[in-house]
Every structure is written in structure tokens, then in C-alpha cells.
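Colleague: Just so you know, the protein sequences line up as chains A and B, in that order.
Residue 100 in my numbering sits at position 100 of the first sequence, with consecutive numbering throughout.
Residue 59 in my numbering sits at position 59 of the second sequence, with consecutive numbering throughout.
Hints listed in this document are in silico derivations from the structure and should not be mistaken for laboratory results.
This one's a predicted model, so the numbers in the text were calculated from it and none came from an experiment.
Every residue gets a Cβ at the ideal spot worked out from N, C-alpha and C, and that includes glycine.
Please note that a few of the clues may not be correct.
To be verified - Over 10 Å on every C-beta distance to chain B, these chain A residues come out as not near it, computed from the model:
1. Ala4
2. Leu84
3. His86
4. Gly100
5. Leu142
6. Glu163
7. Ser202
Claimed, not checked - Restraint ranges, calculated between C-beta atoms of paired labels, are given here:
8. B/Ser65 to A/Ala230: 55 to 61 Å
9. B/Val136 to A/Ala67: 17 to 23 Å
10. B/Val18 to A/Asp94: 40 to 46 Å
11. B/Ser65 to A/Val33: 28 to 34 Å
12. B/Arg293 to A/Arg40: 38 to 44 Å
Number of protein chains: 2
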Amino acid sequence: MNDASTQVRADLDRLLPVLDTALTEPFRLGPAVRLGEAVRYSLEAGGKRVRPVLCLLASEAVGGSVAQALPGALALEYIHTYSLIHDDLPAMDDDDLRRGRPTNHKVFGEGHAILAGDALLTEAFGVLAAADLDPVRRAEALVLLAEGAGWHGMAGGQALDLEGEAIASYDLDHLRLIHRMKTGALLRASLEIGAVLGGASSSERAALRAYGEAIGLAFQIQDDILDATATEAELGKRTGKDAGKSKITYPSLLGLDGARNALDEATETALCQLATLPKPNSLAAWARYLAQRAK
Amino acid sequence: MNDASTQVRADLDRLLPVLDTALTEPFRLGPAVRLGEAVRYSLEAGGKRVRPVLCLLASEAVGGSVAQALPGALALEYIHTYSLIHDDLPAMDDDDLRRGRPTNHKVFGEGHAILAGDALLTEAFGVLAAADLDPVRRAEALVLLAEGAGWHGMAGGQALDLEGEAIASYDLDHLRLIHRMKTGALLRASLEIGAVLGGASSSERAALRAYGEAIGLAFQIQDDILDATATEAELGKRTGKDAGKSKITYPSLLGLDGARNALDEATETALCQLATLPKPNSLAAWARYLAQRAK
């Protein structure tokens, strides 16, 4: 353990219990019992809750609180969880395992998996719209969430990624565009929503947006590197599938060393953005931690 | 043509061009070209735009304008259109035809159909959150939209409906619950969102909510009746499929005459709610028109 991972661990220990309790709350009591189970199954699968944690840390980094960014954090995890459920479907990435457990449609059937994603996507906006927050900040956060998740963001990126599997080869610019949309847009939104709800100044907001942009890139590169090098047992999901489908990745385009250099560059860019923030330590640790994971 | 259908036609002639122009606007320019085509394909399939039109008429009924309810109307049609795309998927109702044309997944593939629904669902909240409206009314409309569309509403109802196909028989109460959620919740939300954005008093809002409740029931009963009696050419979609799958419907539980009586009752309930509104005529015509369609 080094400083970065100690800090990340301390933040997770502090924030995960808050998130875990709140996340399943809206899906406990209602007539659609089986659909509620499907939703909670995926919400309770755990994971590091990267997006909501970064959202909460962004609020703290500009002097805001966990409480005032919590509705945004929940919304981000709902969006992320819906996207995993839909991406795992046979018509998309066709995965049987996720975080070491059978994927949602393997347990609840495809129909309920589609609807579980739809219900999560809807609740993401519902929880944020109903939150007792400053109305202007709340509306800004809702717009950022829609931009990050929708046609110009995550959903559009996933469509381009699906199409890309049919294309024999494309270049680094196209790969970057897909990642900026598919993974980057929601991570960027996570930081910017946390900033907005935490009461950031416009320069702080811009810095956190740029940090989110860089860390989104870092996150995708390290995911590609891990997929190329780690074992199934380590990740809890099928690995090497990108190479098996001859999907374009950073290692396949740049080689493993090239990909690691690109990761270091993105990490540096992220760290530079934090210089002027009141409380940058936790976010700095996250940037270093993501880079280390892929070493 | 009688008075009711003349009034409905006049309102459609006035409102459909406004809606049709605005609906596809957010999906014209963006990097995910093919996904944008898939979204516009379903938005441009036409239909009566029942939900957005009722939303705009609810605003007018309480003295509001079309302009101030338009973002809500667009949001409702995005939600409705996403639900049609997802419901038509093989894992759900497995339909090949919709409004006389091949369903979305038949043209664009299942992956893009799932994502087209996701993008529409996201933009529903995006367009409303970004609208230049009174912030309190806007937040109330967003909450109503999430309630109508989500786990307690449309998505939950669709899940119960899917499960119902596996149940040998269930009673009228269960059928009513499913319809209240699957079809009723979004129609109710259409009226209440229009009321809120149009500046309704709390009693006007309650009346329009009750009208929406009743008209939602009427809408479902007449849909069941039409499915049991009309031909494929008349409706532009497969008919008799409910009976073929031995799905429970109002005619199958109450007989055709019983279903028509239930429809008349729901229509009367709807009409009663309009008594105290400043401009009830268009909504009264809609209630009568829905009942006539199934005669």
C-alpha cells in the first residue's frame, strides 16, 4: 500500500456505506416486485462506485458536502448500473459474468433486464429532480446528467462501439471519440455534477470538468490494459474478449508500453487540473491510484 | 364526423406540426449517426401523439400556453416512443410491425433499438431540464415524468404484464393494476405535467390528474376492444395477438359488451372532472372521441 491507495481506501471506507444504504432505497417497496429484485441485484453487485465517489469527492474538493452532492451521486450510479445491464445483453456485448456473478439477464431474463435498466435510467433523473437542493444547481446537474448519458454521450458511444466491431480497422482518433463518449462523458459528468452541487466557482467547475475528461481517458486505457493482461479470476469477468473479437483497444493500437505511456500522460493532465482547488488530495490520490492499477 | 372528432381533428391540425418539427430536433446533429437515424425512424413513424397533445391541451385548459408546456410534451413523446421500441423487442412483446412499418429492431438491429430507447428516455429528461421555464414548475414536471415512467409506473407495469403472460389466470383487480401502471401512469402524468407547466391551481391540477386517470383506463379498454375486433389493415399492427397468446384483456374478462360499458363509465368519469376548468372543450372532445373509436 502506498499513499494514493491508502487515501482511496480511506475515502471508500467513509463513502461506500452511505452510498450502499441509499442506492437501493427507492426500489424496496412497490408493486413490481420481481423488477425491483432485478434492479437491486445489479445495484448490490458492488464494485468501487467510481462515479458516485468521484462526484462526492468533487463536491468536497470545492468545499461542499457529501449530503449536498448525494442525489447526484446516486443518479450517476443508477445510470452506470443501467448501462452495464443493457451492455451485457446478448444483442450488445453478450456477457454472462459481471463482477464475478451471472449478469442480470442470465438471472432475470432479457425482458426484465431491459426493464431493470429502463427503471434505473428513469430513477436517476427522478432522484435528482426530487432532491431538496438549490433549484438552479439541480437543473444544471440534470442537464449535465442527460448530456453525459444520452445520444451525445454514453448511449451514442456504445452505439459507435457496436458499429466499430463490424469495421475492420479504425484509427486512434476514432477510438478516442468512442471512449470520450462511451466512458468519458459520464465520468466527466460525475466530476462536474459534484462540482455544481458542491457550489463550485466557474473556474473550479472547469478544472473539475477537465480533470474528469483526463481521468476518463486514463480509466479507459487502464481498463484496456487490464483486459489484455489480467486473468478472469482477478477481474471477476471474462478477459481477453476484446482481442478475441479483434476489437480495437489502446494496447492493440499502441502496444502495451505505448498504452502505459498514454495512461501516464492522462494522469499528469488530471493532476495538473487540481492545483487551484481548496481540497485536492482525495482526487489526486484517485488519479494516481487508477494509473497504478494498470502497472 | 361529429362534434367530438371535428374538435380533435382541429386540435391535431394545430398541434401536430409544432410537435413534429420539435421532436426530431435534438437528434439531427451528432457523432452517433446511425443511432440518430434509429431514433428519428421511430419518432417519425407518426401516430396521434396522444400524450403530448393531451399535455398541451391540459396547459390550455387551465389558461396556459402551448409554448410553456412544449418541453413537457416532447418529453412525454420521447418516453412513449422509447417504450414502444423496447416493448417491441423479441424479449418483450416480439412485434415485427408498428404503425404499418417494420419495428425499430427489425430495421436497425436489437442493439441499436435498445440504445435508441435509452437515448430517447435520457433526452426526455434532458429536454425538460434544459427548458427555460419556472424552476419550481420544471422540477415538479420532472418528478411527475419519472414517477409516470419508472418502476412505480410504466416500466413496472410492463414487467407485471410480462410476468402475467406466464400466469394462467388473474382477476380484474390485477388487470386494473397493470393498466394503471403500464398505460395509465404516463397518461396521468401527461395531463398533470401539462397542468403544472400551464400554471394550474392545486384543484385544477387534481382535476386534470383524475381526468388523466380515467382517460388512461378508457384508452386501455378501447385498445383491448380494437385489438379484439379490428383488422390488421385498419390498425397497422398485428391484431388478435392478445387472444392468440391467451393474454388477459377487458373483453376476455368482461365480454365485448361488458368492456364497452366499462369504457362508457370511464369516459363519464373523465368528463365530470372538467366541469370547473376555464377551457374544458378540447379535453372533453378527446374523452368522447376515444370512446367512439371502439364502438
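Colleague: Okay, which hints does this one fail, numbers in order?
Modeller: Checked against the structure, the hints that fail are numbers 3, 5, 6 and 11, while the rest are satisfied.
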